[in-house]
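**Student:** Chain by chain, the residues:
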Amino acid sequence: METIKIQGTEDTPKIILDADNKVLEISGRSLPEDVTAFYEPVLNWLNEYSENPNDKTVFNFKLTYFNTASSKLLLDILMKLEEMHENGNNVLIRWHYPEDDEDMEEAGEEYADIVDVPFEQVSYSP
Amino acid sequence: MDNKKDIRGFLEFVYEFYKTMKAHEITLVYEGEITHQITKAFTSLTESNMAKDDEAGSVQRKVFHVMVECLQNISKHAEDFTSDDYLFSGRGIFLVSKGENEYSVTTGNAVENDRIEELTEMLETINRMNKDELKQLYKTQMKEGRLSTKGGAGLGFIDIKRKTGKELEYHFLPISDDTSFFLLTSTIGREEI
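Quick note, the sequences are listed as chains A and G, same order. Following the working numbering, the numbering of the first sequence begins with 1 at its first residue and continues without gaps. Following the working numbering, the numbering of the second sequence begins with 1 at its first residue and continues without gaps.
There's no promise every hint is true.
Unchecked claim - Cut-off 27 Å, straight-line C-alpha distance, at most; resulting in silico cross-link-like pairs (BS3-like, lysine-lysine):
| # | chain 1 | residue 1 | chain 2 | residue 2 |
| --- | --- | --- | --- | --- |
| 1 | A | K62 | G | K5 |
| 2 | G | K40 | G | K76 |
| 3 | G | K5 | G | K22 |
| 4 | A | K62 | G | K52 |
Think of the hints as simulated: they come from the structure by calculation, not from any bench.
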């Protein structure tokens, strides 16, 4: 499967979707000018991946900031992963947040409430 | 001769303007079209100023959040209008002030009068809600997905109230029979939470 690697910028996150090396990660800041267009390739990739996923899928979110427009698209990604989990796949979400950022920690808790998928909160020192 | 007098008058106005800004502790003011580039420039400018002032990390993050949502509110609503009127092309006024105890972020933009009721209701609802109710509302709005490409569904307002913990102050001033100027100000406490 094709690998997606997008370098992060000051307003868009770094994205790695690499099925061969089992790295699925979104990190950095997310406030793209057009959120729908920015996340479209990610959702398309996940759609294709979900047809023939690895034995175990770990998706890492390591965002330092996202705006409200991005929050909806992040939910779309999580719902896609939820769907994979519901279809009997082994899926784990790892939500990384800076240890001093309660808002980012809470955002993870909220997503964990909304989607029914194994969800792990991981704090790190920034 | 006249021209010289005009220029002097203008420069005196600039000095008065400068003093007024100082008196209101305004650190950034902008009038014009709010674009994504402008949003990026202002947030990074304010960020570096806050870092220089050793502002607490949590305060920096909150100010950043509020600025982005406020600016995007203006640029987003530019799309709602079919009018060619310059008032509705995503233009507005944006200012940031820094007081001893708090930052405030203020925006002003033209809105059509028939939106006043909806905006007032949304803001009043959000202002009345406590932390848990806001959290629920945010989740619902996010799930229901009544969003345009740039957000919407009041998520920005909800987010500002949640991040600042303070009511959103707003005011409508008449421009014409059909339009009003919508002013909104959010304050972020400088004490570390």
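**Student:** For each hint, tell me whether it holds in the structure or not.
**Tutor:** Do the hints match the structure? See the list:
1. K62(A) - K5(G): The given pair, whose Cα atoms are some 59 Å apart, is violated under the 27 Å limit.
2. K40(G) - K76(G): Holds: K40(G) and K76(G) sit about 15 Å apart, inside 27 Å.
3. K5(G) - K22(G): holds (26 Å)
4. K62(A) - K52(G): The hint holds at about 26 Å.
Comparing the model with each numbered hint stated earlier shows that hint 1 is the single one that does not hold.
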